[in-house]
Every structure is written in structure tokens, then in C-alpha cells.
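Go ahead and model the full structure; you've got the sequences and the hints to work with.
Residues per chain are reported as follows:
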Amino acid sequence: MIVIDNVSKHFSGIRAVDGCSFRIAKGRITGLIGPNGAGKTTLFNIVAGFIRADTGRVLLEGKDVTGQPPHRLFHRGLVRTFQIPQEFSRMTLIENLMVVPAGQSGERLLATWLRPGRVAAEERRVREKAEEVIDFLQLGHVARELAGNLSGGQKKLLELGRTMMTDAKVVLLDEPGAGVNRTLLAKLCESIRRLNEERGYTFCIIEHDMDVITRLCDPVVVMAQGRVLTEGSMNHVRSNEAVLDAYFGGGAAARGDDTP
Amino acid sequence: MLDVLQLLIYGVVLGSILTLGAIGVSMVFGILRFAHFAHGDMMTLGAYFGLVFVVGLEISPLAALPLAMGLTAGVAVLIDQTIYRRLRRTAPVILLISSFGMALALRSVIQLIWGPNSQVFQSGIQIPHRVFGLIIKPDHVWIVAGAVVLVIGLHLFLTRTKMGKAMRAMSDNVDLALVTGIPAERVVMGTWVLGGAMAAAAGVFLGMDTRLHPTIGWGVLLPVFAAAILGGIGKPYGAIAGGMVIGIAMELSTLFLEPTYKPAVAFAIMVAMLVVRPSGLFGGRT
Numbered sequence: 001m002i003v004i005d006n007v008s009k010h011f012s013g014i015r016a017v018d019g020c021s022f023r024i025a026k027g028r029i030t031g032l033i034g035p036n037g038a039g040k041t042t043l044f045n046i047v048a049g050f051i052r053a054d055t056g057r058v059l060l061e062g063k064d065v066t067g068q069p070p071h072r073l074f075h076r077g078l079v080r081t082f083q084i085p086q087e088f089s090r091m092t093l094i095e096n097l098m099v100v101p102a103g104q105s106g107e108r109l110l111a112t113w114l115r116p117g118r119v120a121a122e123e124r125r126v127r128e129k130a131e132e133v134i135d136f137l138q139l140g141h142v143a144r145e146l147a148g149n150l151s152g153g154q155k156k157l158l159e160l161g162r163t164m165m166t167d168a169k170v171v172l173l174d175e176p177g178a179g180v181n182r183t184l185l186a187k188l189c190e191s192i193r194r195l196n197e198e199r200g201y202t203f204c205i206i207e208h209d210m211d212v213i214t215r216l217c218d219p220v221v222v223m224a225q226g227r228v229l230t231e232g233s234m235n236h237v238r239s240n241e242a243v244l245d246a247y248f249g250g251g252a253a254a255r256g257d258d259t260p
Numbered sequence: 261m262l263d264v265l266q267l268l269i270y271g272v273v274l275g276s277i278l279t280l281g282a283i284g285v286s287m288v289f290g291i292l293r294f295a296h297f298a299h300g301d302m303m304t305l306g307a308y309f310g311l312v313f314v315v316g317l318e319i320s321p322l323a324a325l326p327l328a329m330g331l332t333a334g335v336a337v338l339i340d341q342t343i344y345r346r347l348r349r350t351a352p353v354i355l356l357i358s359s360f361g362m363a364l365a366l367r368s369v370i371q372l373i374w375g376p377n378s379q380v381f382q383s384g385i386q387i388p389h390r391v392f393g394l395i396i397k398p399d400h401v402w403i404v405a406g407a408v409v410l411v412i413g414l415h416l417f418l419t420r421t422k423m424g425k426a427m428r429a430m431s432d433n434v435d436l437a438l439v440t441g442i443p444a445e446r447v448v449m450g451t452w453v454l455g456g457a458m459a460a461a462a463g464v465f466l467g468m469d470t471r472l473h474p475t476i477g478w479g480v481l482l483p484v485f486a487a488a489i490l491g492g493i494g495k496p497y498g499a500i501a502g503g504m505v506i507g508i509a510m511e512l513s514t515l516f517l518e519p520t521y522k523p524a525v526a527f528a529i530m531v532a533m534l535v536v537r538p539s540g541l542f543g544g545r546t
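If you read the protein sequences in the order shown, they are chains X and W. With our numbering, letter number 174 in the first sequence gets 174, and the count goes up by one each step, no holes. Every position in the second sequence, counted from 1, becomes a number in our numbering once 260 is added.
One or more hints might be untrue.
[Claimed, not checked] Here are the in silico distance ranges between beta carbons for each label pair:
1) X:Phe50 - W:Ile357: 29 to 35 Å
2) X:Asp54 - W:Leu338: 41 to 47 Å
3) W:Thr419 - X:Thr183: 29 to 35 Å
4) X:Glu145 - W:Leu356: 32 to 38 Å
Think of the hints as simulated: they come from the structure by calculation, not from any bench. Note that CB positions come from ideal geometry on N, CA and C, so glycine has one too.
This is the structure in C-alpha cells:
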């Protein structure tokens, strides 16, 4: 689905990403883990077109998309969420979702005057879709709340919901679990799994919560200091010595702790 | 008491006009991040376009209103596409200064075409209605009613169409808007269409209320900005409230101040607002 080929990025002398290569396989949930500063988010930013890589290529479904701007990648079905959730704070939750789908006729100013019927019909369809997504995420009780008033966890669900309003093929999730309480986290994981199984979304997830990674992801890619250390199933990764050194801090895995 | 009520009526009329101007200023600021100084002269231009239709087609100013709005919207888009668009990648202050230049240019063109003297839509006198001792001019009723219709239309547009929502989204969080594939250039054009049309309406109403003059728009630019800031600049709904408050405050101030100080009252409110609550009456909301 996505091939990351020898990507590097320097920030004033610091090698944030250093010759990184791996694949995000179609229909799978790939986990991306590693200690803080390993270059995971930078890599996401490169893949989603937010920053340019110094070297290397990114392929999306076999096509070279290196350096394309985010909105173009968005229309190609590559969607990312943010570590710190972003929202249109002065619009309601449902409006936040309704604004996403592109190419509505209500986008053209003349059409809103000349073809109000068609615009209204499309508006209804988009609203129905948004309501479906809200039901899926079980956010019905806050659908008409201003997005700025939602809790941190609810904003994370909104991020996920936004991806569902598009015809997303690949979704890059940047720490979906951070700052989310256990109950909501379980819901979030469930939503991700259902999207993967029922709708065939491909995911790549950056996460520090090993519970989430163990439950959802296969394969898991481990990064440290801008490089890929190893990849494979969680069990394989857990028993890899380089990973233990870099991440789990020696004895942690031997004691069977899930969280480093 | 009757004095106060009478001034309140004048205040609502003035507030309606300021609101229409402030909506455009606020939306342009929200989406393009610069204070559009030519907005007052855009109002003037709208008023004179109205005059052309009133004289040429022999229709009432109200009937000429949609035509003037359409024409002014076109000019606004034209100005944006030919001049502001090239400057958008530079610092906002350059856009601000260029809009000041555009204000002077527009005013001069208006003077060249229509002359520097005052003109009126309709000569003759209007018989005012008298309600419980209050004087209500028919034009005032039309101005307020027109403003209400336009504001309701704007509200429906902003909440019921993708374009409207995209505009609000873009003034709310530009980065997110760009990432989620909102068509930025189209949103910018839409903003000018709306801003220009609303400015034209404000200009025509201003001309109905008093008389046309090449500086009528420039004269109310300050209160218009005050209204936009009071409502929290960048928020069209705030501009509506801001316009009303400023309009009413300006008229009521004549109870104890010389009428010539009316703009000063607006200015004082604006300064106080910037010091106390720069995010506007409603803080981060609306």
C-alpha cells in the first residue's frame, strides 16, 4: 500500500529520520513504536506531505507521491490524524464532519443560488453520512456540541470520524491513545478494528501504549534514532535484543511487563 | 423617555448598516488575515451602482439593491484576483497597505465617474409614520427589514451549504482546513462575493438613509471596524451583535455629547474592547 524507501530528514544537524525503509501492507494494522525522539512523527509528517524529506521516496499504491502537498494526498485516500487533536472549534461536531467530503455542489457559490434543491439534497446525504459516523463512534449525545467543548478523548474520536467521512484507504494515526481514559481507549481500539475488518481500511499507528499495539497491530515496526531497528509480530519484536536495549530498557520484557 | 426610544430606533437603523459592513470586514479578516481598508469605499461603490439602476431603470432603491450587490460582488472578486491575490504570500501588512491604496483608488474613480457632489436616490419628502409619538421613516423600516433578511440569508448559507461551512472552517483553523482538502481559492472568492454584496447593501442603505457622497463609506469605516472588533474579528455572527451595539451606542451618545462625536464613541468602544477583551464580546465562541 505504502512503501517508504530510504527516507531521511535532518533538522539543523540532527538526523530525525535516517535512511528509513518499510512497508505499510494493505489491509493490515501496522504498529510503529520506538522511544521518544525516534523519528516516528517526523516520518508520518513526511509520508502525509507535511514536510519534505531530504532524500528517499514514498510510494502510495505503487505511485511516487514524494513531496506532494497534504490536501492532494488527502484526496488520494491518505489521511492522517494528529497527536494533538485538531478541530474547527467554533463549529459543531456534526458540522466538523460535514465539511470534509469534497466536491459537493454546495461548494460552488452559484449553485447555492441556482440549484438550491440539488444542494439541499446533497446536504441531506452528507448529513446522513455524518450521523452514521457519529453513531459508529457512539458520539450521538454530543453531535450538536461545539467541537471546542469536547473532551480530549472525544476529539480523538472526531479525528477518526473525519477519516471516515472520506474515502480513506490508508489512515495514519499519531498516538490515538495518548490522554484518553481506559474506557474510551477500548472504544477507540474497537472502532479501529471494525474499520479495518468491516471497511478494509489500512492503518499505521504510532502508539506508546503497548496494550493497544499488542491488541491491534501486526506487524510492528520498531524505530530508534531515525532508523528501523526491526519489524515483525509483537512476539518477535519483544524478543529482539536491539529492541530491548533501545526501548524496553533491558529487563522489562523478561519480567513480562507490557508497558515499558 | 421618548427621546431615548427615538434614538434607539435610529441606533437600530445605523446598527443594521454597520452590521452589513462589519460582516464583510470580519469574514475577510477571518479568512485572509488582513484588515480590509477599502471596505468603506466598496460600500460607496455599491451605493453608486444602486444609483445607476435607480436612475437608469427608474426603479426603487430596494429593487436596485440585488443588482448593486451582484455588481459590487463582481468588482470585489476582480480586485482580489488582480491585486490582492498576488500579495497574499507576502506579509499581511503589505495587503493592509495595498487595501488602503485601493480605498483611495476606488474613491477617486467614483469621483471621476459620478462627481464630487451629493446626490440622492429619490428627491422629495417622505412622510414619516408616527407611532406613539415616535417618528419612523418608511426608509428606516425598509433598511432594518432588508438587513434582517440578508442576515438570515447569510446564516442559512453559513450553516446549510458546504461553502458556508468551509468558510467558517477556514477562519477557524486554516491548517486543518487545508489538510482536509477544503478548496482554499474557492473559499477566498466566495468570501469576496459575500463581503462585496453585503458592503453594497450597506452602501445602498446608507444612501437611502442620508444622501450619496463619494466619502459616505469611508466615513463609516471606523464604526464598521469597531463593530467587527467588538464581535470578535473573524466571526461573522459576532459582527452582527457588534454592529447593533456600536450603532445604538453611537446614537444614544447624542443624549449627552455633540453628534459630531459619534465616531469618537465608536472609536472609544473599539479601544476599550481591544484593551479589555481583544477576542471580542463572546470570547472564543460563536
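Verification of the hints:
For the hinted restraint 29 to 35 Å between Phe50 (chain X) and Ile357 (chain W), the CB-CB distance of approximately 32 Å keeps it satisfied. Distance hint check for Asp54 (chain X) and Leu338 (chain W): the Cβ-Cβ separation is about 42 Å, which falls inside the suggested range of 41 to 47 Å. Checking the proposed 29 to 35 Å range against Thr419 (chain W) and Thr183 (chain X) shows it holds: the Cβ atoms sit about 33 Å from each other. For Glu145 (chain X) paired with Leu356 (chain W), a C-beta distance near 36 Å keeps the hint of 32 to 38 Å intact.
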